[in-house]
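**Student:** Listed below are the residues making up each chain.
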Amino acid sequence: MMNILDSLEKPPEKEYLNCIRCGLCMAVCPTYREYLKEAAGPRGRVALARKNLEGQLELTSNLIEQMYACFACMACNEICPVGIRPAELALSMRHIEEQSSQTGWKQMLFGGLLPHPNRMETATLPLRLYERSGLRKLVYRLSLTRLLPRQIRDLEAMLPHLPQRPLRHVLPDVTPARGQEKFRIGFFLGCAQSLLFSEQSAATVRVLARNGCTVITPKEVECCGMPARGYGRLDLVRAQAKHNIEVFEKTDVETIVTDCATCGSTLKDYGALLHDYEGWAVRAAAFSSRVRDVSEFLAEIPLKKPTGRVDTRVTYHDPCHLRRGQNVWKQPRTLLSLIDGVDFVELPEADWCCGSAGSQLITHYETSLKVMDRKLDNLANTGAQVIASGCPGCQMQLNTAIRRRGVAVRVVHPVTLLDEAYEAENGYSPDHSS
Amino acid sequence: MDTHLIIHLEKTLGKANVLHTPEDLAVYSYDGTFAEGSPDLVCLPETTEQVSQIVRLAAEAHVPIVPRGMGSGLAAGSIPMPTGGIVLCLTRMNHILEIDTENATVRAEAGVVTADLQTAVEKMGLFYPPDPSSIRHSTIGGNVACNAGGPRCLKYGVTGDYVLGLTVVLADGQILKTGQKTIKDVTGYDLNGLFTGSEGTLGLVTEVLLRLIAKPRYARTALAEFASLDDACRTVNAILQAGIVPASLELMDQTAILCIEDALHLGLNTDVEASLIIETDGTDEQSVLSEIEASSRICQESGARLVKMAQNEAERNNLWKARRSMAPALARLAPNKLGEDITVPRSAIPEVVHRLRAISAKYGLPIAIFGHAGDGNLHPNILFDKRQPEQWAKAEQMVAEIFDASLAVGGTLSGEHGVGVLKRPYLERALGPLSIEVQRHIKQALDPLNILNPGKIFPV
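First to last, the protein sequences are chains A and B. Per my numbering, residue 1074 is the first one in the first sequence, and the count goes up by one each step. Per my numbering, residue 90 is the first one in the second sequence, and the count goes up by one each step.
A portion of the hints provided could be inaccurate.
[Unchecked claim] If you anchor each label on the Cβ, the simulated ranges turn out as follows: (1) B/440 x A/1351: 51 to 61 Å; (2) B/302 x A/1082: 51 to 61 Å; (3) B/109 x A/1191: 27 to 37 Å; (4) A/1134 x B/136: 57 to 67 Å.
It is worth saying that the hints were derived from the structure and are not from the lab. Backbone N, C-alpha and C define an ideal beta-carbon position, used for all residues, glycine too.
Extracted from the complex, chain A is given alone in its bound form (with noise of 0.2 Å):
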């Protein structure tokens, strides 16, 4: 068995060999807290990892399934004061399966069909047509989602009211600063932003336009390659990232923003992805450092406020790629309330995992389940009408537990509302009771 495992890339040593065992890191894992048992937090994970590495465990599927039933939400990551990332060890346990066993599904995924634009869209129509037909408000009407089973039914809910085309052939090449020109940026365009949630991303890069900003949108972007890292694929993750390096490196943008936080945190992990390949460190970690999420670089600007008004109770989910992969938290909140009108109040446990995690609402189920129910009991606590959170995965899964419960609250993008508070400005009144 080492010697499979020595031709094949692993986590180094200094990973896991200081895990002194201490279990802080159990405080903090959503899944240790659901299961209540060692296998399932982040110390067994590092246990476990470290038994296979130093071969007195073999790689078995359950072994393996420990790493993938972890929602890589990293919240060990951030509490460990030894330095071990219990999350990212298990990312790296998963990417051993992979170069030891490829599984074929993955191949077409993450090879064949996320690193390419057009066949998303294509594989994505029939749900676009399933809404724009009408279909899907009349699935609503006769209450036939009923008839589905409980999880496609929670799958159903998952999406928001989708798009009629994906925003990759809406935006513009350039859009154009209001006004005098201040800084000239890149717009990332993340798959599951202009697939699900166009509006969204339309918002932001108005937002941008608004603030000085000409924004450029290459349309040739690839999948940032979070799917494929969290199964296993870092070769597919690293020709994504190259292929992303050069299409921004053909752009002359000072700064690349993305609206979502999962693309945000990989795209700022690819100077360390690549940072072992020859001709391509210095050129990823130049990339990587002029990524910003929007509310981290509109908190850097000096921002117009808005004189509209957003008249509703918000409160704000930290997505974990934006929380702990990014260290970006306090500027969603402080744009939130610069908006007049928004009566902002904290989500108990903001920072916790709402338990998407990308696709354990597929994979893991009844722990996902678990995991939401518990960021909705929060939510009910607030009263808020509206919840803002910076990432897709996020707001799928908030819609998904939002509509299982029947409350009304809307789930935004934060730059959602502040666009609103800018288009209140023209005397136009959004209206929130969608």
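Model the placement of chain B on the given structure of chain A, informed by the hints.
**Tutor:** Same frame as chain A, now just chain B:
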């Protein structure tokens, strides 16, 4: 392990609560130390009745039972070594059963996380003071089994001082209830005291009834930095002799401060030989303030270079975050750490610290020193790499010398971690043969088959 027994246990607990895959056994083979020993089976009971049934079945089959909470112990007390057997993990018994505000008591299952218990009672204006550093990742049952301490114990006393009653599953499966909601009770032997700190060797605690006090309304915290470790140690006694009883009086030496600053970047000065964290608390704002001010003055008179008062809750939290993360942060310097918790009469603190530094110099391995100086409870941590045999050998010799140093100045082996496996070899020199014989008789009377956490406490 006997498949017959496994089938019985699965019937009793449900299959999901009986674990035996190699992966599950591997992750129940350790605690917060470097020691390891694999169980043959792991049970996750949800009721006292289930615990009783497990014990009955295990007793019939003469299989050892090793109780465990979140496995944060620092003496290898919850590791199934050297005998294997059943790890009985109580984390799923995590309900707070009753908070009685009139009598100021709380009744909870053993698997409740101590911090959760504190949060719950504090919502009702009540207070459970013991605060081991593992407060968020240890259970109240584990705290009782080890008689856990913590910084606040200087003023408020240790876990055992709050135990009013226990539900204990005995070695034959019978369920014993001790105590009740009264503060005073001399009706018969003090069984609460007997089971508290017995590390699961006399019975399995499944439920606790704890005394609470009113929540102090104010707290003030200060950090005092000293150019000399000696001065810092002497200051501890000076404060206490001035008639001030701070809630906490914590010491950190330079090695410890360097580690924590490296880990958390809190802006602590690292060019000092030692720091003290002092906290006063109470219900009267003015007296809390005057006590912290008086403590600060004493620090300055005793040679403190700088005394900083936390100006708000965030600054106060930062200081405590530093202190709580101290032990694990040491692991940044070396793959292994051997953390002891010797306790000495507080007049002997300067002397024992001298001896600790001499031991470190003699063997050439670092010892970080921090701890609850106010009650004489120190945590010398030896930093080493267990994979290097000569370092491991040195570390073991150093431990023996640390214990000798503590005993020489009138101290003891352990203030709050317990004996477990790791301190067994030193027990006799601490207690003498007669005390050990008395304790063996107690063990024999309560656990004649020696199936409750065997291999712990008593010398081999």
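**Student:** Against each hint, give a clear statement of whether it holds in the structure.
**Tutor:** Structure-based check of each hint:
In this structure the hint that residue 440 of chain B and residue 1351 of chain A lie 51 to 61 Å apart at CB holds, the actual value being about 60 Å. Roughly 56 Å separates the CB atoms of residue 302 of chain B and residue 1082 of chain A, a value that falls within the hinted 51 to 61 Å. Checked against the hint of 27 to 37 Å, the C-beta distance between residue 109 of chain B and residue 1191 of chain A comes to roughly 50 Å, which is inconsistent with it. Distance hint check: the CB atoms of residue 1134 of chain A and residue 136 of chain B are about 32 Å apart, inconsistent with the given range 57 to 67 Å.
Violation of the numbered hints given earlier is confined to hints 3, 4; the remaining hints are satisfied by the structure.
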